[in-house]
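Protein chains: 2
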Amino acid sequence: MAQPTDDELTRIAQQLRVDSVRVAAAAGSGHATSSMSAADLMAVLLGRHLRHDFERPEHPGNDRFILSKGHASPLLYASYKALGLIDDDELRTFRTLGSRLEGHPTPRALPWVEVATGSLGQGLPIGVGMALAGKRLDRVGYRVWVLCGDSELAEGSVWEAAEHAGSEHLDNLTAIVDVNRLGQRGPTRHGHDLDAYARRLQAFGWHTVECDGHDVAAIDRALAEARSTLGQPTAVLARTLKGKGVADAEDREGLHGKPLKHPDEAIAELGGVTDLRLEVQQPPAARVLHAVQSGHLELPRYEKGEEIATRSAYGQALTALGSARGDVVALDGEVSDSTKTEQFAKEHPERFFECYIAEQQMVAAAVGLAARGYTPYASSFAAFLTRAHDFVRMAAVSGSDIKLAGSHAGVSIGQDGPSQMGLEDLAMFRSVHGSTVLYPCDANQTAQLVAALAERPGIGYLRTTRGETPALYGPDETFPIGGSKVLRSSDADRVTIVAAGVTVREALAAADQLAEVGIACRVIDLYSVKPVDTATLREAAERTGCLLTVEDHRPEGGLGDAVSEAFADGGPVPRLVRLAVRHMPGSATPGEQLRSAGIDEAAIAAAVRLLVEIAVVS
Amino acid sequence: MAQPTDDELTRIAQQLRVDSVRVAAAAGSGHATSSMSAADLMAVLLGRHLRHDFERPEHPGNDRFILSKGHASPLLYASYKALGLIDDDELRTFRTLGSRLEGHPTPRALPWVEVATGSLGQGLPIGVGMALAGKRLDRVGYRVWVLCGDSELAEGSVWEAAEHAGSEHLDNLTAIVDVNRLGQRGPTRHGHDLDAYARRLQAFGWHTVECDGHDVAAIDRALAEARSTLGQPTAVLARTLKGKGVADAEDREGLHGKPLKHPDEAIAELGGVTDLRLEVQQPPAARVLHAVQSGHLELPRYEKGEEIATRSAYGQALTALGSARGDVVALDGEVSDSTKTEQFAKEHPERFFECYIAEQQMVAAAVGLAARGYTPYASSFAAFLTRAHDFVRMAAVSGSDIKLAGSHAGVSIGQDGPSQMGLEDLAMFRSVHGSTVLYPCDANQTAQLVAALAERPGIGYLRTTRGETPALYGPDETFPIGGSKVLRSSDADRVTIVAAGVTVREALAAADQLAEVGIACRVIDLYSVKPVDTATLREAAERTGCLLTVEDHRPEGGLGDAVSEAFADGGPVPRLVRLAVRHMPGSATPGEQLRSAGIDEAAIAAAVRLLVEIAVVS
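These protein sequence lines map, in sequence, to chains V and F. For reference, each letter of the first sequence is one residue, going 1 to 618 in the working numbering. For reference, each letter of the second sequence is one residue, going 1 to 618 in the working numbering.
Calculated directly from the structure, the hints in this document are not laboratory data. Bear in mind the structure is a predicted one, so any value in this text is a computation, not a measurement. Don't take every hint at face value.
To be verified - Covered stretches of chain V (in silico footprint by chain F; criterion: 3 or more residues with CB under 8 Å from a CB of chain F, positions within the stretch not fixed):
no. : region
1   : 151 to 162
2   : 199 to 213
3   : 447 to 461
We put the beta carbon where it would ideally sit given N, CA and C, even for glycine.
Just chain V, same shape as in the assembly (with noise of 0.2 Å):
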């Protein structure tokens, strides 16, 4: 195949422009601006650098691209139409009812898209993911390219992903920085200096190189000096103007979003419709060598009554699933001592990834991960999983595989205070679109829940208790996602307390001391939080007409969310008390933890007997 030439590259640049003109036109919104600045440079990337099969992105050999400036969406389906991948009716279906043609792109349905994009700051914390999996363990020569926004080199996500790269010498990853020096309110805090970011970037270990971004020649050698450089990730800063090629919108204020005013005169003024078309470079023959192991897969087995904290099955499991599938992979936001991923990083060295501490890189490694075909486990206290809310949220959009697992939930961990407890996290992984939430109470169930995690597809979601808590179940017992244990029952139950994690040890002592006096409880261990075992919920609440739930986090999304969830149906509704955390926990012992929080036997106990006093005289 002959390169096309620089002034072919012009005139397919010249043809980006034109058609983002036309879809943002049509639709009446999209960013013609943000797409024009960058046309020159997705015209040489596309024209000379890239390597890609379009025909089977699943090619091992193929380079990978990734828009972190999703918003320049018409540029990148523009692209696709210079390339053959969609017609001119399809684009012109952007941002319609149907059409993969987003506003942002998403990978739901085009093929060619490797993450959803639309948050800032994403793409290349992702492309670090993709590029450790082609250095460390793909072994297969493709490059990561992601185009970036310069305004969203100010989200620190993206100096993660330069801490990271940089660290690791992901010399096989090229950040093409689209520097057209607006944001989408105005200018960005740099304008067009290029050497602002460029000391940054050598300050975290890149290698960097500077062009006219609208030069096709410059544009050229720069990312040929990047694919030249050995040892470091390089970035191109590229000096561009928004709206490029237009006068009345070229490097102007106010524009960004919106279609250009006067669209008919905008085409003329870049030379017309034009249709041509754009060939790739074939990526090189290559093989994947991780095929997935055979190994059969050994689970630990815990004797009951043995007491081990779910964090250590979590991780013992974890370490089995890594042996028996060489497409697991774990990372640590450094804490693989106390979550317990530590067993994996030594047994399983190189598919271990210390992410440091930086949470938001550690969740897009594992979306980065995932698209190569990897199944990652995540891991850090739950608590701060929260810094990671966007990248999960994100990676739910993406339709991503990835599981995370939040360690020492809830006040139960003890002395070290609120700063420390995952309490929210419960309510946060359950709003997140097609998640899977699950908090086992005991190491069997840990360990049989990590590895159907392995085959759930979207986001899993395993929460981990810090102290150790007695086997309950024996280690043949199995436990399905969307189901959960019956622990007690009789027909004589007039409640029924529903508890999770470290709450079904107090349930059970609750129900012990209750029936001592007399009044029966039901409890049911609801180990998967979402989805809910509506059967059950339903079963027990049409027996005892009561259901108490008992949980180690706030009152809000958790586990009383998940029962409610399950009777908003529009049919009758139990009673239903949730008793969570309230207050805000100081330090003190676990044990005096689940006592202030009013989360322990006792208050579940006392709750249960005044219930059943309500109902008496109701």
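We have chain V; now place chain F onto it with these hints.
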């Protein structure tokens, strides 16, 4: 007051170490070694450089101090003892139930703690907010000193702060970095390579000084250099040893967060228990000139029926509030043309803080400004506030009074697609301890609630809508926090529709449509999502037996949960149904989006009819 000699400071530092070892040993937990590395830094800062009247924490001239590495709380409390603020008996209550000496410091009972720390990477961003207050608003020459760990420099939020401080030339801010080489689970990325940190910080516009963190004279020179550096913030990079002073702990891995194994021997090795006192320099006389303005609040008024977006009303009301109250400040994440805080920026430029696309830094700066007595409103897209989840969580631990406004809530934004839609924000903010969550449906309501939030303690959240909505209420209507508005009601009501924000209009239209076929519905505008108007909901339940919630949010943790929680008191629960956004939206017009999500007029009407039929059947 005579300054302590180098020798005296060295002895004070040893006492801080001894007391750190003692309290961790007594508690059986706590971060002794992380305290020991920073003891000399703390002694020199307190003895020679900090200017603070500990008897008057509110003194406007006081320097501010933040222990960003909050796990080194033993060092902080040992310092309080050396300053005579607490006695040895209290010191030994460390980490016990009811003690104000918590595992990680919080300001709830300690007047000398500015903000809660313990989630790493937050102290410096908050310090930037305080330094901005000092420089731009108070115009008092206090300095802000932040003692950071080295591990936490991996957090992106630290680099958002570095960028903000460097760009704003905050020479009243000093970061003292305790580079002890060891994180929680092992060595940090850069170990003792002080230059690695210096290069990065310098690139972000900081002055840096490197020193031996155990050489009192060298520390003194470094801090003096920080104080005398103009036009730039300074980072003092101190090479230290974790566990310094005790041979079998010094510079060793595996000792993070634990008491020393042989505390008595360690104390002896450190020179034994002493009871030395340290005096801190008094601040200069100072007066803050920003006394609250006396202006009468004139909120904007909208005619009934006027079409205006609640985000616009937010911007207008905030501007009016700023005119009436000099303590009101606004922060924005580079989207002020969307959140509509641009009007505030124009009218009160000195009190507007552009934070660029760095939501963590934005919220942290708000916390810092609130700590200095200001009333901050921070705004971005609701979706992007998820970036700052951990900062919001920690602000609640701090007891901070900050207000956040999230625009572009829900699918109703239309074409931009899911990356820009706030669909999890209600769940996130409701789960935050002590929060207030408001979701107005019209302009007059918005204006009133913006003003009401100013008086409300804790974390306040206001959710605004992108598109125009008609003013439903007159300008004299009042909307107390915790209230609701019953918009339709009759004795014949068979179902209650509970809506908020953009779904209120849909609910009213559905009710009108249903009235035509003889089905009377009650309609409640539940603008106060937390706290929720339990009395009105209960009355509606008693009268109609069934509550249908309709929300432009995920089914979990939002309006539906708020209504369910109102009935989680063990009393009878009405039939409940939740209409919410259950699919992953794409691009479409706002009307199409509401229809696709099943939360529009037609969906509500259909659901009510179904419920009425079920009720007839059952």
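Hints, one by one, checked against the model:
no., hint, verdict
1, 151 to 162, "holds (count 9)"
2, 199 to 213, "holds (count 5)"
3, 447 to 461, "violated (count 0)"
When each numbered hint is compared with the structure, a violation occurs for hint 3 only.
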